[in-house]
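**Q** Make the full structure from the sequences, and use the hints.
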Amino acid sequence: MRMFDFPRAPSDPAADALRAELREFLAAERANGGYTPQADCWVSAADPEFSRKMGARGWLGMTWPREYGGRERPVAHRFVVTEETLAAGAPVAAHWVADRQTGSHILRYGTEQQKRDILPKIAAGECYTAIGMSEPQAGSDLAAIRTAARRTSDGWVLSGRKIWSTGAHLAHYMIVLARTSPAEGRNRQVGLSQFLVDLSLPGIDISGIRDLGGTPHFNETLFEDVKLPADALLGEEGNGWAQCMGELTLERSGPERFLTSLSVLEKAMPVLAAHADDRRGGEIGSILANLRVLRRMSLGIAEMLERGESPNTAAAVVKEMGNRFENDVIARLRTMLSGIPRSEWPDGLGTLLRDAVLHLPSNTLRGGTTEILRGIIAREMGMR
Amino acid sequence: MALDQDTLGQIAQGLERILADAPLEAVDHASGQGAEADAVWAVLSQNGFPAIAAGEAQGGFGGSIADAALLAQLTARHALALPLADTMLVMNVLSQAGLDLPQLKLALADPVEPGAHLAHAIQAQAVLTLAHGQLQLAPLSREILTVQERMEDGAAALSGPLPAPSIEGPAPNWLTPIGLRALGALIRSAQMAGAMQAVLDLTLSYTQEREQFGRPLAKFQAIQHHLSDIACETAASIAAVELACDAIQAHPECPEEGIEEIAIAKIRCGQAAAQVAACAHQAHGAMGFTREYKLGRYTRRLWQWQDEFGSESEWSVWLGSRVLADDEPALWPRISRSV
Ligand SMILES: Cc1cc2nc3c(=O)[nH]c(=O)nc-3n(C[C@H](O)[C@H](O)[C@H](O)COP(=O)(O)OP(=O)(O)OC[C@H]3O[C@@H](n4cnc5c(N)ncnc54)[C@H](O)[C@@H]3O)c2cc1C
Chain A
1 MRMFDFPRAP
11 SDPAADALRA
21 ELREFLAAER
31 ANGGYTPQAD
41 CWVSAADPEF
51 SRKMGARGWL
61 GMTWPREYGG
71 RERPVAHRFV
81 VTEETLAAGA
91 PVAAHWVADR
101 QTGSHILRYG
111 TEQQKRDILP
121 KIAAGECYTA
131 IGMSEPQAGS
141 DLAAIRTAAR
151 RTSDGWVLSG
161 RKIWSTGAHL
171 AHYMIVLART
181 SPAEGRNRQV
191 GLSQFLVDLS
201 LPGIDISGIR
211 DLGGTPHFNE
221 TLFEDVKLPA
231 DALLGEEGNG
241 WAQCMGELTL
251 ERSGPERFLT
261 SLSVLEKAMP
271 VLAAHADDRR
281 GGEIGSILAN
291 LRVLRRMSLG
301 IAEMLERGES
311 PNTAAAVVKE
321 MGNRFENDVI
331 ARLRTMLSGI
341 PRSEWPDGLG
351 TLLRDAVLHL
361 PSNTLRGGTT
371 EILRGIIARE
381 MGMR
Chain B
1 MALDQDTLGQ
11 IAQGLERILA
21 DAPLEAVDHA
31 SGQGAEADAV
41 WAVLSQNGFP
51 AIAAGEAQGG
61 FGGSIADAAL
71 LAQLTARHAL
81 ALPLADTMLV
91 MNVLSQAGLD
101 LPQLKLALAD
111 PVEPGAHLAH
121 AIQAQAVLTL
131 AHGQLQLAPL
141 SREILTVQER
151 MEDGAAALSG
161 PLPAPSIEGP
171 APNWLTPIGL
181 RALGALIRSA
191 QMAGAMQAVL
201 DLTLSYTQER
211 EQFGRPLAKF
221 QAIQHHLSDI
231 ACETAASIAA
241 VELACDAIQA
251 HPECPEEGIE
261 EIAIAKIRCG
271 QAAAQVAACA
281 HQAHGAMGFT
291 REYKLGRYTR
301 RLWQWQDEFG
311 SESEWSVWLG
321 SRVLADDEPA
331 LWPRISRSV
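These protein sequence lines map, in sequence, to chains A and B. Quick note: the first sequence uses my numbering, first residue 1, plus one each step. Quick note: the second sequence uses my numbering, first residue 1, plus one each step.
Treat the hints as calculated values from the structure; they're not laboratory data. Glycine residues also receive a C-beta, built at the ideal position from the N, C-alpha and C atoms. Each hint should be verified, as a subset may be incorrect.
Stated by the list, open to error - Across the chosen pairs, the derived CB separations fall in these ranges:
(1) A:P270 to B:G34: 55 to 65 Å
(2) A:M245 to B:D201: 52 to 62 Å
(3) B:E253 to A:A276: 20 to 30 Å
(4) B:K294 to A:D328: 26 to 36 Å
(5) A:R30 to B:R150: 54 to 64 Å
(6) B:K294 to A:G382: 17 to 27 Å
(7) B:E256 to A:E24: 25 to 35 Å
(8) B:D201 to A:I340: 41 to 51 Å
**A** Here is the structure:
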């Protein structure tokens, strides 16, 4: 069955060299106060200056053609950059979505002009994007969206409301899924299209929503008769659903689905070591085993992407297991810390842990809930 | 020492054919003893499987431990009630030590916990032990064994001292007790991964056939979620075994890094086995709880293999304690280590 196939990535000295470069860069940034590690950094820690530094080193848009600002490097190299920055809790949220999915989507479906205008800026760490899929009445049931675009003589008019868009308040563009023609009876997946929307256009109102921890990281975006140029249509009219599923594969497939809490654990390691016993050793061994295997699978997905495959079920498998495991990790960390006086905790651990706890519920929701992912896996097995 | 991928693939196909044709359910019911079991073993032996991972100079086929693990996975998928996996492993070890290869069914004693039950004891004709740097292969007979009730594949406890070894010699320097235990753990991990694949197939077809409330069980979302969990855990187990096999292939002399990768496999497969068995039994209802129905042939072994050559808890403590004992204890260097 396809979901068991996580191909090996060939060994690659260039990737090892890149890893060493990243570790050096991240250590230097930490040392000079460039950032303090954060849990859930790819969603919560946005720092345009840091993004520009990464862009300058050639670590964004790495797989894209050079003519669009890319470096033509294999997917495995991008994987190194993402996993190293995640493990280090670096402030990568500003560029994350653009580098992960929007850029590749523009590369695949955008006009020549869009590619020339936007991709080099993303690769430079200067242009950020947001995902416009969910709506108030359309979450898991994405095909229930009501945002609609109407064709005019010289373009489109977009009206509706998107919600939960991470980082929209910082973003320059949003890919919006909208209805362009009615559903055909019960088949609601037809008649949907994707639009690349410049968020500075008139008629767009973005308002922040504070998350559980109080950070305004996601947003509601209102589109009131927004006039879009004709080329804002991304890809084919009516092909929005299929394109969106492709985007979701990119969204789900990376190591951020199991590494969001690692920086908290690492912070705790010295004090756990100082109080090492079988109980704590056992938890650490089990956590290491789970993360090592999740990463092996995730590398396999990167390899599938490199081969031009579209590993949607494999991505669902890793995200589903990874998300659930992450929630478990924090519970285990609390167990391991029990009995160690607070006065011995490393500086900042308490805040990091609290932060991680407050982010936990989102892991198994964003990018497709546990229940939806299990449904995808069951479908692959022919159960539905 | 390793077979190339094409050869290994052909060998695996050959084994698959033999296993698919053999009366394995009957062999299992007879605990791997009697005429039918002997006949199946004879076919396996004629085709060279017991010595597949032994050196060519000693009459083996030059396979590696990783090759043996792949084939062990296959035998577990078929719930083969014979000690082929352990025989392949013991032959490999004997051959690496430059010792003679006997034409026998072989068992391996856990070198770290000699008091543990001996897997395949009743089925096997000799057992390999490692103590004080010395490998010894001693004959097994019923007189010195106490059968372990309700265990699979003729597991038994030693009730008396082993007789004088028929083959013995110094273990290679790198083959420490924990290293040999790890090789056993790798084989068990592979077997667990194989059995889980069978459990998945079985549970999928059972829930698609059986109907309640006018529709197949498979149409209920709660059942789909059980199957999804089984699939995910199985996928993780296969990946864990591959990772360990790659490590041992790259460093055949089982250095500590290699043992760590095997520990990871045994931990992950052991954890997965618990969840897979629980979900599969839940989805099967009472039918799965019978001796007769075949699910138990796999789940009983899963529960047994979890404990053999170190349980997931033991290996977790071993692995985690090593991490915590580092000068700068951290997880990421190990998570991201290249094989
Ligand atoms: C932190 C965060 C960031 C996000 N960022 C973005 C973003 O950038 N862009 C964007 O478009 N969206 C974003 N989302 C939205 C996210 O995609 C949705 O939350 C998700 O798809 C679930 O939709 P919902 O929240 O409306 O929950 P609902 O769909 O209402 O689901 C509620 C519960 O019911 C369950 N459920 C729903 N349908 C079924 C079913 N058929 N069978 C079984 N159970 C079911 C769900 O699994 C869930 O447990 C974000 C969400 C979070 C939490």
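**Q** What are the numbers of the hints the structure violates, in ascending order?
**A** 2
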